[in-house]
Structure formats: C-alpha cells, structure tokens
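Student: Line by line, the protein sequences are chains A and B. Start counting the first sequence at 70; every next residue gets the next number (our numbering). Start counting the second sequence at 70; every next residue gets the next number (our numbering).
Everything labelled a hint here was simulated from the structure, so no lab data went into it. It is possible that part of the hints are untrue.
Just so you know, same-sequence chains aren't split out, so a pair can sit in one copy or run between any two.
Under the rule of at most 16 Å between Cα atoms (straight-line distance), these lysine to aspartate or glutamate pairs were calculated in the EDC-like manner [claimed, not checked]:
| id | residue 1 | residue 2 |
| --- | --- | --- |
| 1 | Lys92 | Glu220 |
| 2 | Lys128 | Glu218 |
| 3 | Lys199 | Asp81 |
| 4 | Lys71 | Glu165 |
| 5 | Lys128 | Glu78 |
| 6 | Lys199 | Asp136 |
| 7 | Lys92 | Asp160 |
| 8 | Lys199 | Asp228 |
| 9 | Lys145 | Asp254 |
| 10 | Lys71 | Glu251 |
| 11 | Lys92 | Asp114 |
| 12 | Lys71 | Glu134 |
| 13 | Lys199 | Asp185 |
| 14 | Lys207 | Asp190 |
| 15 | Lys207 | Glu150 |
| 16 | Lys145 | Asp121 |
| 17 | Lys71 | Asp160 |
| 18 | Lys199 | Asp114 |
| 19 | Lys207 | Asp160 |
Every value quoted in this text rests on a predicted model; they were computed, and no experiment measured them.
Each chain, letter by letter, is given below.
Protein chains: 2
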Amino acid sequence: MKFSPLVQELIDSLRCLSGVGAKTAQRMAFHLLERNRHGGMKLSDALGRAMDSIGHCQKCRNFTEQDLCDICQSPKRQLAEIICIVESPADVIAIEQTGEFTGQYFVLMGHLSPIDGIGPDDLGLDTLAKHLASGQYKEMILATNPTVEGEATAHYIADLARESQVSVSRIAHGVPVGGELEYVDGNTLSHALSGRKNYSA
Amino acid sequence: MKFSPLVQELIDSLRCLSGVGAKTAQRMAFHLLERNRHGGMKLSDALGRAMDSIGHCQKCRNFTEQDLCDICQSPKRQLAEIICIVESPADVIAIEQTGEFTGQYFVLMGHLSPIDGIGPDDLGLDTLAKHLASGQYKEMILATNPTVEGEATAHYIADLARESQVSVSRIAHGVPVGGELEYVDGNTLSHALSGRKNYSA
Ligand SMILES: [Zn+2]
Ligand SMILES: [Zn+2]
Numbered sequence: 070m071k072f073s074p075l076v077q078e079l080i081d082s083l084r085c086l087s088g089v090g091a092k093t094a095q096r097m098a099f100h101l102l103e104r105n106r107h108g109g110m111k112l113s114d115a116l117g118r119a120m121d122s123i124g125h126c127q128k129c130r131n132f133t134e135q136d137l138c139d140i141c142q143s144p145k146r147q148l149a150e151i152i153c154i155v156e157s158p159a160d161v162i163a164i165e166q167t168g169e170f171t172g173q174y175f176v177l178m179g180h181l182s183p184i185d186g187i188g189p190d191d192l193g194l195d196t197l198a199k200h201l202a203s204g205q206y207k208e209m210i211l212a213t214n215p216t217v218e219g220e221a222t223a224h225y226i227a228d229l230a231r232e233s234q235v236s237v238s239r240i241a242h243g244v245p246v247g248g249e250l251e252y253v254d255g256n257t258l259s260h261a262l263s264g265r266k267n268y269s270a
Numbered sequence: 070m071k072f073s074p075l076v077q078e079l080i081d082s083l084r085c086l087s088g089v090g091a092k093t094a095q096r097m098a099f100h101l102l103e104r105n106r107h108g109g110m111k112l113s114d115a116l117g118r119a120m121d122s123i124g125h126c127q128k129c130r131n132f133t134e135q136d137l138c139d140i141c142q143s144p145k146r147q148l149a150e151i152i153c154i155v156e157s158p159a160d161v162i163a164i165e166q167t168g169e170f171t172g173q174y175f176v177l178m179g180h181l182s183p184i185d186g187i188g189p190d191d192l193g194l195d196t197l198a199k200h201l202a203s204g205q206y207k208e209m210i211l212a213t214n215p216t217v218e219g220e221a222t223a224h225y226i227a228d229l230a231r232e233s234q235v236s237v238s239r240i241a242h243g244v245p246v247g248g249e250l251e252y253v254d255g256n257t258l259s260h261a262l263s264g265r266k267n268y269s270a
C-alpha cells in the first residue's frame with residue numbers, strides 16, 4: 070500500500086532537495102496539496118526556468134542567467150586590480166554588503182574535497198590561473214571559509230598565484246566584533262592571539 | 070545587492086515548503102543548481118502535475134488523482150460496515166500496513182483547530198454525517214491522534230454519530246508493544262493504567 074501514484078511521485082521528487090528525508094518530503098507534499106497549491110505552482114515554474122537558464126558567469130563563475138553577472142558587467146569593476154576568491158555566491162553577497170570591496174570576485178562553488186571527488190578543475194582553477202596570468206591583478210584576497218577544507222583550498226590557490234606576479238592575502242580571522250571573549254571558541258581565540266597586531270593608543 | 074533575479078526567485082519560491090527558512094532555501098537552490106539539475110527538473114514537473122491534478126476522493130477525502138481512491142473503488146470495501154476516521158493520508162497507510170483492517174476510511178486532512186480557523190466544514194464533517202446517516206455502517210473507529218486536538222476532534226465526531234445508529238469506538242492507547250516502561254512518557258503510562266484490562270493467564 071502506497072499513496073496514489075502522483076502523490077508518491079511528488080514525495081519522491083521532493084527528496085532531491087538537500088536535507089529532506091522521507092518524512093519531511095511527505096509533510097511538505099501534504100502541506101502544498103492541502104494549504105498552498107498556488108505556492109507549489111509558482112515553485113514548479115521557478116524551478117523549471119531556473120534549472121533551464123541559470124548558468125555560470127563566464128568570468129567569475131557566479132550563478133547568472135546572463136553570460137556575465139552584474140558585477141563582472143560593471144565598467145568600474147572591469148578595471149579592478151584586486152580579485153577576491155570565495156567559496157559560494159552567498160559569500161559574494163556578504164562581502165558586497167560591507168560596502169568595503171570594489172574589486173572582482175572569483176566564485177569557486179565549493180572547496181577542494183578529494184573524498185567527494187572535487188578537484189581543482191571542478192572549482193574552475195584553470196580559469197583562475199588564466200585570470201592571474203593576464204597581468205590585470207596586483208592582489209588576490211583569499212576569502213575561503215576558515216575550515217579545514219577552506220584552508221587547504223586557500224593554500225592550493227596561493228601556490229597557483231606564486232607563478233604570476235600577484236601578491237596574495239588572506240582575510241583576517243579572530244574574535245567577531247561585538248562578540249564576548251568567553252563565548253568565542255578556542256580555535257578562533259588561538260587565531261586571534263597568533264594574529265595579534267601592534268596596538269598604538 | 071541580491072542574487073541574480075532568477076536565482077533569487079528560486080530561493081524565494083522554495084520558502085513555500087513547510088519548515089524551509091531563508092538559509093535552507095538558499096542551500097537547496099545552490100545544491101540543485103550545482104549538483105542536481107536533473108532532480109530539480111523532475112521536481113518541477115512532478116509539482117506542476119501534482120498541483121494541477123491531485124484532488125480529494127469524493128467518498129473518503131484522501132488525496133487521489135481519480136474521482137474515487139483505490140480503496141474506495143475496491144468492491145469488497147464498498148460493502149464494509151466499519152468506517153475508520155483518521156487525520157492524515159499517512160495514517161491510512163500505517164493502518165493498511167497492519168493488514169488488520171478491511172473497512173472504509175474517512176480522512177479528515179487535519180483536526181479541529183479554532184485558532185487556525187479550522188472548523189467542522191474544513192474537515193468534511195458534513196460529508197461524514199451523510200455517510201453515517203446512510204445506514205451502511207455499524208461501527209465507527211476513531212483513530213485521530215492521541216493529542217489534545219485529536220481528542221477534541223474525536224469527541225466532536227462521536228457526538229455526530231450519536232444521532233445515527235452507529236456504535237463508536239476509539240483505538241487503544243497505552244505502552245507501545247516492545248517498549249520499555251521506564252522510557253514511556255507519563256501521559257501514555259496514565260492512559261495505559263486507566264485502560265487496563267482483566268488478565269487471565
Ligand atoms: Zn561574474
Ligand atoms: Zn477514497
């Protein structure tokens with residue numbers, strides 16, 4: 070005994086969403102069918118168009134439905150001498166929201182992960198090597214996550230840059246501004262200590 | 070600064086799924102775009118067809134893409150003298166899997182919940198009243214959940230049946246078979262005690 074074929078197909082299809090197991094998929098399907106058919110229709114439509122027409126920016130690899138993303142199309146940014154390497158499109162947004170950065174980005178769409186079979190080619194590092202060799206950039210900021218994988222990826226990319234004339238920096242890690250010392254994890258505190266700076270009041 | 074329009078639309082649309090917040094929707098969208106376009110396409114298709122053509126069984130209210138669901142179409146079941154009231158399609162499947170029940174079902178698709186504006190009409194109790202008045206049924210089993218709302222709903226439906234000649238029963242509540250007493254919650258244990266039966270070894 071199963072649900073009707075189409076109900077079962079909907080439940081099974083929902084499991085392609087990351088983090089959605091059998092019970093959650095069932096709850097989602099019933100909720101849509103019973104309370105939000107309009108939302109379900111809109112999702113079906115958005116999904117279809119997104120899967121079909123969202124690709125990667127030819128320059129920075131961020132998701133876009135155009136050949137070049139808005140940032141890479143901006144005339145000011147095309148002359149930038151700094152390129153910032155991030156793991157995900159969400160990181161681009163986080164950095165843009167600071168208003169502190171006006172250079173270009175390169176979005177890895179992940180990090181090196183030999184276990185999952187994700188190597189340099191999957192992160193577009195061949196494209197990045199060409200950007201670095203072009204002579205446009207003076208500095209590359211490594212803004213990968215401060216995780217084991219993010220550090221390993223940063224390390225690998227730093228080596229890439231050594232062949233070109235690009236200086237390499239890494240975003241600072243330490244105690245979050247506004248955070249209280251006693252609630253900061255030990256690893257972060259170690260980083261904050263070893264990365265201490267001269268203080269002139 | 071936002072994601073590209075279509076990426077943002079996909080993220081926003083995913084939030085119509087129950088339990089999906091902004092961060093989760095973003096993670097789901099990136100996962101589909103980067104790792105599972107095929108799954109995303111299949112989901113779009115299944116969603117569209119499901120929202121369009123799944124309705125309620127005219128007899129038992131369960132989800133089906135036909136006028137009557139498979140159970141209500143079964144000739145044997147059409148003669149059944151017992152009707153079992155459940156809250157959700159998943160409950161029908163759970164009871165079918167026991168193989169112990171061969172009667173008909175009535176699926177409330179929820180429970181009475183004045184706070185959420187869900188009253189008797191939303192649960193199809195007018196239809197149920199007609200079934201009970203038809204003279205076909207000798208017994209109605211109340212299998213709503215043993216929650217406050219489920220009990221209140223069972224109580225309301227039992228009153229409905231009093232007007233017809235249908236006897237009303239409630240599924241037993243107690244210690245789960247195979248469960249250990251010390252891990253059973255107090256409420257269940259109270260039910261198990263007050264519902265104790267004569268024991269003849
Ligand atoms: Zn771009
Ligand atoms: Zn039915």
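Student: Would you mind marking each hint as holding or not holding in the structure?
Tutor: For each hint, the structure was consulted:
| no. | hint | in the structure |
| --- | --- | --- |
| 1 | Lys92 - Glu220 | neither (36 Å within a copy, 23 Å between copies) |
| 2 | Lys128 - Glu218 | neither (24 Å within a copy, 56 Å between copies) |
| 3 | Lys199 - Asp81 | neither (43 Å within a copy, 35 Å between copies) |
| 4 | Lys71 - Glu165 | between (49 Å within a copy, 9 Å between copies) |
| 5 | Lys128 - Glu78 | neither (39 Å within a copy, 23 Å between copies) |
| 6 | Lys199 - Asp136 | neither (18 Å within a copy, 62 Å between copies) |
| 7 | Lys92 - Asp160 | between (32 Å within a copy, 13 Å between copies) |
| 8 | Lys199 - Asp228 | within (14 Å within a copy, 77 Å between copies) |
| 9 | Lys145 - Asp254 | neither (40 Å within a copy, 65 Å between copies) |
| 10 | Lys71 - Glu251 | neither (53 Å within a copy, 34 Å between copies) |
| 11 | Lys92 - Asp114 | neither (24 Å within a copy, 21 Å between copies) |
| 12 | Lys71 - Glu134 | between (39 Å within a copy, 14 Å between copies) |
| 13 | Lys199 - Asp185 | neither (26 Å within a copy, 59 Å between copies) |
| 14 | Lys207 - Asp190 | neither (24 Å within a copy, 70 Å between copies) |
| 15 | Lys207 - Glu150 | within (5 Å within a copy, 83 Å between copies) |
| 16 | Lys145 - Asp121 | neither (31 Å within a copy, 48 Å between copies) |
| 17 | Lys71 - Asp160 | between (43 Å within a copy, 11 Å between copies) |
| 18 | Lys199 - Asp114 | neither (37 Å within a copy, 40 Å between copies) |
| 19 | Lys207 - Asp160 | neither (22 Å within a copy, 64 Å between copies) |
Violated hints for the displayed structure, listed by number in ascending order: 1, 2, 3, 5, 6, 9, 10, 11, 13, 14, 16, 18 and 19.
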